[in-house]
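K.L.:
Please build the complex by placing chain B on the supplied structure of chain A, with the hints as guidance.
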Amino acid sequence: MRPTCFALLLLIAATAARAAQPAAEPAPQIPHMSHEQALAHLQKERLAVTPSNLVNPLLSGDAETVEALLSAGVDANDTTDMPKPALRLAMSACARKLETARILTVIEVLLAHGAKVNEAAPSELSPLMVAAQHCPAPVVRRLLRAGADLKFKTSLGISPLSMAFITGNLDAAEALIEGGARLSPEAAAKLLKDHQDDARRVALVKKAQGK
Amino acid sequence: MTRCIALVLLLAAPVAAAKPPKVPQPLSTEALILHAKAAVGDGTADPARDLAPLLDRLRTTTVATEQRDLIQAIEALGRHDGANPAAVKAYLREAAPPVLFSVARSKTDGLVRCDALMLLRTLNVRPQVLDEAIALAAADTSPDQRAIRFRGKLLAQWKENQPPNDEPPPPSATGSSAKEKAALDFLRRQHERVSADNLGQAASRADAEVVAALLDAGIDPNSTLAAGMSPLSFAAGAGCVFDHASLAARLATIDVLLQHGADLARKENNGSTVLISAVDCPLPVAEKLLAAGAKVDAGSEKVSPLEWAFIKGRWDIAALYVAHGARMSKAVIDKLFFEKPSDPEKLALIRRATTPTAAKKK
Numbered sequence: 000m001r002p003t004c005f006a007l008l009l010l011i012a013a014t015a016a017r018a019a020q021p022a023a024e025p026a027p028q029i030p031h032m033s034h035e036q037a038l039a040h041l042q043k044e045r046l047a048v049t050p051s052n053l054v055n056p057l058l059s060g061d062a063e064t065v066e067a068l069l070s071a072g073v074d075a076n077d078t079t080d081m082p083k084p085a086l087r088l089a090m091s092a093c094a095r096k097l098e099t100a101r102i103l104t105v106i107e108v109l110l111a112h113g114a115k116v117n118e119a120a121p122s123e124l125s126p127l128m129v130a131a132q133h134c135p136a137p138v139v140r141r142l143l144r145a146g147a148d149l150k151f152k153t154s155l156g157i158s159p160l161s162m163a164f165i166t167g168n169l170d171a172a173e174a175l176i177e178g179g180a181r182l183s184p185e186a187a188a189k190l191l192k193d194h195q196d197d198a199r200r201v202a203l204v205k206k207a208q209g210k
Numbered sequence: 000m001t002r003c004i005a006l007v008l009l010l011a012a013p014v015a016a017a018k019p020p021k022v023p024q025p026l027s028t029e030a031l032i033l034h035a036k037a038a039v040g041d042g043t044a045d046p047a048r049d050l051a052p053l054l055d056r057l058r059t060t061t062v063a064t065e066q067r068d069l070i071q072a073i074e075a076l077g078r079h080d081g082a083n084p085a086a087v088k089a090y091l092r093e094a095a096p097p098v099l100f101s102v103a104r105s106k107t108d109g110l111v112r113c114d115a116l117m118l119l120r121t122l123n124v125r126p127q128v129l130d131e132a133i134a135l136a137a138a139d140t141s142p143d144q145r146a147i148r149f150r151g152k153l154l155a156q157w158k159e160n161q162p163p164n165d166e167p168p169p170p171s172a173t174g175s176s177a178k179e180k181a182a183l184d185f186l187r188r189q190h191e192r193v194s195a196d197n198l199g200q201a202a203s204r205a206d207a208e209v210v211a212a213l214l215d216a217g218i219d220p221n222s223t224l225a226a227g228m229s230p231l232s233f234a235a236g237a238g239c240v241f242d243h244a245s246l247a248a249r250l251a252t253i254d255v256l257l258q259h260g261a262d263l264a265r266k267e268n269n270g271s272t273v274l275i276s277a278v279d280c281p282l283p284v285a286e287k288l289l290a291a292g293a294k295v296d297a298g299s300e301k302v303s304p305l306e307w308a309f310i311k312g313r314w315d316i317a318a319l320y321v322a323h324g325a326r327m328s329k330a331v332i333d334k335l336f337f338e339k340p341s342d343p344e345k346l347a348l349i350r351r352a353t354t355p356t357a358a359k360k361k
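Quick mapping for you: the protein sequence lines, in order, are chains A and B.
Using numbering that gives the first Met the number 0, the first residue of the first sequence is number 0, and each one after it goes up by one.
Using numbering that gives the first Met the number 0, the first residue of the second sequence is number 0, and each one after it goes up by one.
Hint data in this document are derived by calculation from the structure and do not stem from the laboratory.
Misleading hints may appear alongside valid ones.
To be verified - Quick list of in silico lysine-lysine cross-link-like pairs, BS3-like style, CA-CA up to 25 Å:
(1) K301/B <-> K150/A
(2) K189/A <-> K339/B
(3) K158/B <-> K180/B
(4) K150/A <-> K334/B
(5) K311/B <-> K301/B
(6) K189/A <-> K301/B
What the hints assert, rightly or not - So these bits of chain A aren't anywhere near chain B, every CB distance computed over 12 Å:
(7) S51
(8) L58
(9) R101
(10) E123
(11) R140
(12) L155
(13) G156
(14) G167
(15) G179
(16) D193
(17) R199
To be verified - To spell it out: a stretch of chain B is covered by chain A in this simulated footprint if at least three of its residues, at any positions, have a beta carbon under 8 Å from a beta carbon of chain A; those stretches are:
(18) 304-312
(19) 328-338
In this text the structure is predicted, and so the values were computed from the model without any measurement.
Virtual Cβ for every residue (Gly too), placed ideally from N, Cα, C.
With the rest of the complex left out, here is chain A:
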């Protein structure tokens, strides 16, 4: 009885959300759970309440299980039991060619549970950095709306925008430039080397230099 009730509520909530927001990108359906619902879901999936159990659902875009683990008490920013922080790992899911909507839903769940968008450790990659490599433009835009740092650089001086160009993810590059990312002349020259024939890339690099 309860799950049906829950699903119904979700449907109503989702419809309401859709009606309220006539945006170009459909708002993801966020599976909110109470503590009890979360524990019931985890029992059904036979999962313990431990951060490392986030890895699989994050990489497969299973927002319900992510929600269940976080609602049951797992810290969205754990790094003791997790190989990488959850939001960063969620971005790796883009490389698996998951549906964009599913990744967006997972992001909403993580943000709702306080996942940090910008990481501190200098030798680690930020979620935006990973998104620049693998993710479609809507995912990049969502991170920017959440305050992701465009000026982040790796220890070797690669910014998210440079990274998007290096990996050839021009959709992401465009989203980053629209969000205000810019290139130094040094970076622009390196990114155009051997790519003068690629009209879209040349135009984007120009735009990113404010030309």
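P.N.:
Relative to the frame of chain A, chain B by itself:
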């Protein structure tokens, strides 16, 4: 009815099995081997008690398969380059040859006789013992003489190629020094396994006391562990990533390994060196390794320690390596950095790294 009988039988069987046999049966060869391996594995081995029965059985049995199993077991326990306690190796090196000679002289299976001879090489017996084996093989007139004589030639060749001063140390009177006994007692009390793998684990979590005891118990400080790694690369590398020991404990562990002869110049299987591993550690680890004589230019084919420090964003360690003379060409730096940092201190370090040292060391 049949069901009932079966049930009674089922209940009776374990009771019967649980009763100790009145006459003690001699242990099977397989059981002897398992017992010896277990005793060595958990660090409780007393050679005279746990290993002598293997040699006695090898002397008395005439079953070729048992002889072969026993020879293989002695090889596994006593190989001179293996990770077992020194007392075990020393005991087998001294006590096994007479038995192996009797097998080699016997009329048993030719391949078993060959294995008995080649085991002398694995145990790294003294040159005089090797000479005896070589003479024995050369004088063989059995139907297997071709195979036996060939093994004799292999032993002679091996003996010739041995470095001259590589004679194993003479065994102490007890077969085990007081230090080793104390170390084994300590490890037993701590429930620590006496194995090279455990040395890696203790080094990783920077447990200096256990590391010292394992080394005193005869585990090789330069053992090759999982993924071809050395104990030192666990203590001064991987351990810094996965374990959160205090810096003092880590430095003490590295000291113990170095005092026991851990090789600072070793290249890991992945080509990495100790100053590359140390980039994952707090700065004082790299300082200690350099003070102990690690070479700042010793890198893998792909990357130097300095390059790796830059890649990992460890500016403190990069500065240390540059201060010790590590240098990179401007071309390599340009390739390495997509964009150079804007921080003036970092830029100054990069400039120093590309400036040739005043006095070039030879």
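K.L.:
Against chain A, does the stretch 304-312 of chain B show at least 3 residues with beta-carbon separation below 8 Å?
P.N.:
holds (count 4)
K.L.:
Does the claim that L58/A lies off the interface hold, with its Cβ farther than 12 Å from every Cβ of chain B?
P.N.:
The assertion about L58/A holds, with a minimum of 22 Å to chain B.
K.L.:
When you check the alpha-carbon spacing of K189/A and K339/B, does it fall within 25 Å?
P.N.:
holds (12 Å)
K.L.:
Does K301/B pair with K150/A here, judged by a C-alpha cut-off of 25 Å?
P.N.:
This hinted pair is violated, its Cα atoms lying about 30 Å apart.
K.L.:
Assess, step by step, whether the Cα of K150/A is no farther than 25 Å from the Cα of K334/B, and give holds or violated.
P.N.:
Holds, because 21 Å separates the two Cα atoms, which is no more than 25 Å.
K.L.:
Taking 12 Å as the cut and beta carbons as the points, is R140/A off the interface with chain B?
P.N.:
holds (24 Å)
K.L.:
Far enough from chain B: is every CB of that chain over 12 Å from the CB of R199/A?
P.N.:
holds (21 Å)
K.L.:
Does the claim that G179/A lies off the interface hold, with its Cβ farther than 12 Å from every Cβ of chain B?
P.N.:
holds (18 Å)
K.L.:
Would you say the stretch 328-338 of chain B counts as covered by chain A, given the rule of at least 3 residues with C-beta under 8 Å?
P.N.:
holds (count 4)
K.L.:
Does the alpha-carbon distance linking K158/B and K180/B stay inside the 25 Å limit?
P.N.:
violated (32 Å)
K.L.:
Beyond 12 Å from chain B, beta-carbon-wise, is L155/A?
P.N.:
Incorrect as stated: the minimum Cβ-Cβ distance to chain B is 5 Å, not above 12 Å.
K.L.:
Just checking, D193/A versus chain B, shortest CB gap more than 12 Å?
P.N.:
holds (14 Å)
Of the hints listed earlier, those the structure fails to meet are numbers 1, 3, 10, 12, 13, in rising order.
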